[in-house]
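I would like the entire structure built from these sequences, with the hints used as guidance.
Counting from 1, one number per residue, gives the positions in the sequence shown under the working numbering.
Please note: incorrect hints may appear among the correct ones.
To be verified - Calculated lysine-lysine pairs in the DSSO-like style (CA-CA distance at most 30 Å, straight line):
#: 1; residue 1: Lys34; residue 2: Lys276
#: 2; residue 1: Lys226; residue 2: Lys75
#: 3; residue 1: Lys75; residue 2: Lys199
#: 4; residue 1: Lys276; residue 2: Lys240
#: 5; residue 1: Lys222; residue 2: Lys17
Derived by calculation from the structure, the hints in this document are not laboratory data.
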Amino acid sequence: MGKGEHDRDYQSVYRNKVILITGPVGTVGSELLKQLIMYDPREIRLFDTNESGLFMQTQQYRNKVRLLSFLGDIKDDRKLFYAMEGAHIVFHVAAYKHVELCEYNPFEAVHTNVIGTQNVLNAALRTNVERLLYTSSDKAVNPTNVMGTSKLLAERVVTASSVRCFNGKPRHIFASTRFGNVLGSNGSVIPVFLEQIKKGGPVTITDRRMTRFIMTVPESVKLVIKGAALACGGEVFVTKMPVVRIIDLAEAMIELLAPVCGFHPDDIPIEFIGVKPGEKL
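Set out below in C-alpha coordinates:
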(Lines of atoms letter the chains of each structure in order from A; the text may use other names.)
(Lines give C-alpha, C1' and ligand atoms only; values in the text may rest on other atoms or scores of the structure.)
Protein backbone atom coordinates (compact mmCIF):
# COMPACT_ATOMS: atom_id res chain seq x y z
CA MET A 1 0.00 0.00 0.00
CA GLY A 2 2.06 2.93 -1.28
CA LYS A 3 1.82 6.54 -0.24
CA GLY A 4 1.18 7.57 -3.83
CA GLU A 5 -1.96 5.49 -4.14
CA HIS A 6 -4.92 7.58 -5.21
CA ASP A 7 -7.14 8.36 -2.24
CA ARG A 8 -10.44 6.57 -2.62
CA ASP A 9 -13.71 7.62 -1.15
CA TYR A 10 -14.18 5.45 1.93
CA GLN A 11 -17.23 7.37 3.08
CA SER A 12 -19.50 4.43 2.31
CA VAL A 13 -17.44 2.15 4.56
CA TYR A 14 -17.74 4.36 7.62
CA ARG A 15 -20.85 6.49 7.13
CA ASN A 16 -23.60 5.78 9.68
CA LYS A 17 -21.51 3.02 11.30
CA VAL A 18 -20.84 2.46 14.98
CA ILE A 19 -17.07 2.43 15.45
CA LEU A 20 -15.07 1.41 18.53
CA ILE A 21 -11.45 2.42 19.13
CA THR A 22 -9.31 0.76 21.78
CA GLY A 23 -6.52 3.04 22.97
CA PRO A 24 -8.02 6.28 21.62
CA VAL A 25 -6.13 8.50 24.07
CA GLY A 26 -2.68 7.75 22.63
CA THR A 27 -1.10 9.71 19.79
CA VAL A 28 -2.32 7.45 16.97
CA GLY A 29 -5.70 6.79 18.58
CA SER A 30 -6.34 10.51 19.03
CA GLU A 31 -5.54 11.26 15.38
CA LEU A 32 -7.66 8.31 14.29
CA LEU A 33 -10.64 9.69 16.21
CA LYS A 34 -10.10 13.12 14.65
CA GLN A 35 -10.00 11.73 11.10
CA LEU A 36 -12.87 9.25 11.51
CA ILE A 37 -15.24 12.06 12.48
CA MET A 38 -14.92 13.36 8.91
CA TYR A 39 -16.46 10.12 7.58
CA ASP A 40 -19.80 10.84 9.25
CA PRO A 41 -20.13 7.75 11.50
CA ARG A 42 -23.27 7.26 13.55
CA GLU A 43 -21.31 6.85 16.77
CA ILE A 44 -17.72 6.44 17.95
CA ARG A 45 -16.98 4.51 21.13
CA LEU A 46 -13.76 5.10 23.03
CA PHE A 47 -12.28 2.32 25.18
CA ASP A 48 -9.29 3.24 27.35
CA THR A 49 -7.87 3.13 30.87
CA ASN A 50 -7.02 6.84 30.83
CA GLU A 51 -9.87 8.64 32.59
CA SER A 52 -8.55 12.17 32.06
CA GLY A 53 -7.78 11.52 28.40
CA LEU A 54 -11.26 10.18 27.72
CA PHE A 55 -12.82 13.17 29.45
CA MET A 56 -10.77 15.65 27.40
CA GLN A 57 -11.64 13.94 24.12
CA THR A 58 -15.32 13.90 25.01
CA GLN A 59 -15.17 17.63 25.72
CA GLN A 60 -13.29 18.35 22.50
CA TYR A 61 -15.49 16.39 20.08
CA ARG A 62 -18.89 16.15 21.78
CA ASN A 63 -20.47 18.63 19.33
CA LYS A 64 -19.05 16.93 16.24
CA VAL A 65 -20.07 13.30 16.69
CA ARG A 66 -21.94 11.07 19.14
CA LEU A 67 -19.28 9.77 21.53
CA LEU A 68 -19.51 7.04 24.16
CA SER A 69 -16.57 6.60 26.52
CA PHE A 70 -15.80 3.32 28.27
CA LEU A 71 -13.24 3.15 31.07
CA GLY A 72 -11.77 -0.31 30.78
CA ASP A 73 -8.79 -2.53 30.10
CA ILE A 74 -8.51 -4.89 27.13
CA LYS A 75 -7.55 -7.60 29.62
CA ASP A 76 -11.16 -7.41 30.87
CA ASP A 77 -13.10 -9.48 28.35
CA ARG A 78 -16.49 -8.79 29.96
CA LYS A 79 -16.07 -5.02 29.71
CA LEU A 80 -14.96 -5.38 26.08
CA PHE A 81 -18.08 -7.36 25.23
CA TYR A 82 -20.26 -4.72 26.87
CA ALA A 83 -18.54 -1.87 25.02
CA MET A 84 -18.50 -3.64 21.65
CA GLU A 85 -22.11 -4.80 21.48
CA GLY A 86 -23.73 -3.20 18.44
CA ALA A 87 -20.46 -1.96 16.92
CA HIS A 88 -19.80 -2.46 13.20
CA ILE A 89 -16.08 -1.61 13.00
CA VAL A 90 -13.29 -1.93 15.58
CA PHE A 91 -9.86 -0.29 15.49
CA HIS A 92 -7.61 -2.05 17.99
CA VAL A 93 -4.84 0.40 18.84
CA ALA A 94 -4.29 -0.26 22.57
CA ALA A 95 -0.93 -1.92 23.31
CA TYR A 96 2.34 -1.76 25.17
CA LYS A 97 4.84 -0.49 22.59
CA HIS A 98 8.09 0.47 24.32
CA VAL A 99 10.77 -2.11 23.58
CA GLU A 100 12.84 -1.69 26.74
CA LEU A 101 9.87 -1.70 29.13
CA CYS A 102 8.40 -4.78 27.46
CA GLU A 103 11.78 -6.50 27.71
CA TYR A 104 11.79 -6.00 31.49
CA ASN A 105 8.06 -6.76 31.86
CA PRO A 106 7.44 -9.69 29.50
CA PHE A 107 4.40 -11.05 31.33
CA GLU A 108 2.54 -7.75 31.12
CA ALA A 109 3.59 -7.27 27.49
CA VAL A 110 2.22 -10.67 26.48
CA HIS A 111 -0.85 -10.32 28.69
CA THR A 112 -1.80 -7.02 27.05
CA ASN A 113 -0.50 -7.35 23.48
CA VAL A 114 -1.44 -11.00 22.90
CA ILE A 115 -4.10 -12.04 25.42
CA GLY A 116 -5.65 -8.57 25.30
CA THR A 117 -5.86 -8.79 21.52
CA GLN A 118 -7.46 -12.23 21.80
CA ASN A 119 -10.02 -10.71 24.18
CA VAL A 120 -10.78 -7.98 21.64
CA LEU A 121 -11.21 -10.59 18.91
CA ASN A 122 -13.42 -12.82 21.06
CA ALA A 123 -15.68 -9.86 21.82
CA ALA A 124 -15.74 -8.92 18.12
CA LEU A 125 -16.71 -12.47 17.13
CA ARG A 126 -19.42 -12.70 19.79
CA THR A 127 -20.94 -9.34 18.84
CA ASN A 128 -20.69 -9.93 15.05
CA VAL A 129 -18.39 -7.02 14.31
CA GLU A 130 -18.07 -6.60 10.54
CA ARG A 131 -14.50 -5.29 10.33
CA LEU A 132 -11.55 -5.11 12.70
CA LEU A 133 -8.16 -3.51 12.09
CA TYR A 134 -5.24 -4.22 14.42
CA THR A 135 -2.24 -1.86 14.59
CA SER A 136 1.00 -3.82 14.69
CA SER A 137 4.66 -2.82 14.31
CA ASP A 138 7.56 -3.32 11.92
CA LYS A 139 9.29 -4.89 14.92
CA ALA A 140 7.10 -7.94 14.27
CA VAL A 141 9.40 -8.75 11.32
CA ASN A 142 11.92 -11.39 12.48
CA PRO A 143 11.46 -10.22 16.08
CA THR A 144 14.37 -10.23 18.50
CA ASN A 145 12.55 -8.73 21.48
CA VAL A 146 9.45 -9.27 23.59
CA MET A 147 7.50 -6.37 22.09
CA GLY A 148 8.07 -7.47 18.49
CA THR A 149 7.30 -11.09 19.31
CA SER A 150 4.07 -10.13 21.08
CA LYS A 151 3.01 -8.04 18.08
CA LEU A 152 3.73 -10.91 15.67
CA LEU A 153 1.71 -13.32 17.80
CA ALA A 154 -1.16 -10.84 17.91
CA GLU A 155 -1.06 -10.53 14.11
CA ARG A 156 -1.33 -14.32 13.80
CA VAL A 157 -4.27 -14.37 16.19
CA VAL A 158 -6.03 -11.70 14.11
CA THR A 159 -5.43 -13.63 10.89
CA ALA A 160 -6.60 -16.89 12.43
CA SER A 161 -9.81 -15.26 13.67
CA SER A 162 -10.56 -13.90 10.20
CA VAL A 163 -10.44 -17.23 8.36
CA ARG A 164 -13.69 -18.48 9.86
CA CYS A 165 -15.94 -18.60 6.81
CA PHE A 166 -19.64 -18.66 6.03
CA ASN A 167 -20.75 -20.01 2.62
CA GLY A 168 -17.22 -19.63 1.29
CA LYS A 169 -16.85 -16.01 2.38
CA PRO A 170 -15.28 -14.55 5.53
CA ARG A 171 -17.91 -14.01 8.19
CA HIS A 172 -15.71 -11.34 9.76
CA ILE A 173 -13.10 -9.19 8.01
CA PHE A 174 -10.16 -8.82 10.38
CA ALA A 175 -6.75 -7.52 9.28
CA SER A 176 -3.59 -5.85 10.59
CA THR A 177 -1.30 -2.95 9.71
CA ARG A 178 2.38 -2.57 10.52
CA PHE A 179 3.73 0.80 11.60
CA GLY A 180 7.27 2.06 11.53
CA ASN A 181 8.42 4.52 14.17
CA VAL A 182 5.66 7.12 14.37
CA LEU A 183 7.32 10.52 14.60
CA GLY A 184 6.05 12.65 17.44
CA SER A 185 4.17 9.87 19.20
CA ASN A 186 4.41 9.57 22.98
CA GLY A 187 7.87 8.33 23.94
CA SER A 188 9.22 8.46 20.38
CA VAL A 189 12.64 9.87 19.59
CA ILE A 190 11.61 13.38 18.51
CA PRO A 191 10.02 14.54 21.81
CA VAL A 192 12.88 12.88 23.71
CA PHE A 193 15.50 14.72 21.64
CA LEU A 194 13.55 17.98 21.97
CA GLU A 195 13.54 17.80 25.77
CA GLN A 196 17.27 17.00 25.79
CA ILE A 197 18.02 19.98 23.52
CA LYS A 198 15.93 22.29 25.72
CA LYS A 199 18.16 21.30 28.66
CA GLY A 200 21.37 21.89 26.72
CA GLY A 201 22.05 18.23 26.08
CA PRO A 202 23.45 15.76 25.84
CA VAL A 203 21.32 14.21 23.11
CA THR A 204 21.57 10.47 23.74
CA ILE A 205 21.75 7.89 20.94
CA THR A 206 22.20 4.19 21.53
CA ASP A 207 24.49 3.49 18.54
CA ARG A 208 25.90 5.48 15.63
CA ARG A 209 24.63 2.80 13.21
CA MET A 210 21.04 2.90 14.47
CA THR A 211 18.42 3.30 11.72
CA ARG A 212 14.63 3.29 11.77
CA PHE A 213 11.71 3.19 9.36
CA ILE A 214 9.71 6.32 10.05
CA MET A 215 6.23 7.66 9.34
CA THR A 216 4.20 10.64 10.52
CA VAL A 217 1.09 10.38 12.68
CA PRO A 218 -1.24 11.34 9.77
CA GLU A 219 0.47 8.75 7.54
CA SER A 220 -0.04 6.03 10.14
CA VAL A 221 -3.74 6.86 10.51
CA LYS A 222 -4.18 7.01 6.74
CA LEU A 223 -2.80 3.46 6.60
CA VAL A 224 -5.24 2.34 9.30
CA ILE A 225 -8.30 3.86 7.62
CA LYS A 226 -7.36 2.49 4.20
CA GLY A 227 -6.48 -0.92 5.59
CA ALA A 228 -9.81 -1.37 7.33
CA ALA A 229 -11.67 -0.29 4.19
CA LEU A 230 -9.68 -2.40 1.70
CA ALA A 231 -9.31 -5.58 3.78
CA CYS A 232 -10.84 -8.83 2.61
CA GLY A 233 -9.70 -10.73 5.71
CA GLY A 234 -6.34 -11.81 7.11
CA GLU A 235 -4.07 -9.24 5.44
CA VAL A 236 -1.14 -7.44 7.03
CA PHE A 237 -0.89 -4.01 5.40
CA VAL A 238 2.48 -2.26 5.15
CA THR A 239 3.19 1.12 3.58
CA LYS A 240 6.42 2.35 2.01
CA MET A 241 8.53 4.13 4.61
CA PRO A 242 11.88 5.95 4.39
CA VAL A 243 14.82 4.74 6.47
CA VAL A 244 16.49 7.39 8.61
CA ARG A 245 19.76 7.24 10.50
CA ILE A 246 19.00 8.34 14.04
CA ILE A 247 22.24 10.31 14.27
CA ASP A 248 21.24 12.31 11.16
CA LEU A 249 17.89 13.09 12.77
CA ALA A 250 19.59 14.17 16.00
CA GLU A 251 22.06 16.43 14.20
CA ALA A 252 19.29 18.04 12.14
CA MET A 253 17.19 18.71 15.25
CA ILE A 254 20.16 20.20 17.09
CA GLU A 255 20.97 22.48 14.15
CA LEU A 256 17.36 23.64 13.88
CA LEU A 257 16.26 23.83 17.52
CA ALA A 258 19.34 24.69 19.57
CA PRO A 259 19.21 28.43 18.63
CA VAL A 260 15.48 28.51 19.48
CA CYS A 261 16.30 27.09 22.92
CA GLY A 262 19.10 29.62 23.53
CA PHE A 263 22.07 27.44 22.61
CA HIS A 264 24.58 27.26 19.79
CA PRO A 265 24.38 23.91 17.95
CA ASP A 266 28.03 23.21 18.81
CA ASP A 267 27.14 23.48 22.51
CA ILE A 268 24.79 20.46 22.37
CA PRO A 269 26.83 17.24 22.61
CA ILE A 270 25.72 13.86 21.27
CA GLU A 271 26.37 10.95 23.62
CA PHE A 272 26.35 7.28 22.59
CA ILE A 273 24.94 5.18 25.42
CA GLY A 274 24.89 1.67 23.93
CA VAL A 275 22.12 -0.49 22.53
CA LYS A 276 19.28 -1.07 24.99
CA PRO A 277 17.94 -4.56 25.80
CA GLY A 278 15.89 -5.92 22.89
CA GLU A 279 16.84 -3.18 20.41
CA LYS A 280 17.84 -3.84 16.81
CA LEU A 281 20.34 -1.69 14.93
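query: Which of the numbered hints are not met once you compare them with the structure shown?
result: 1 and 3
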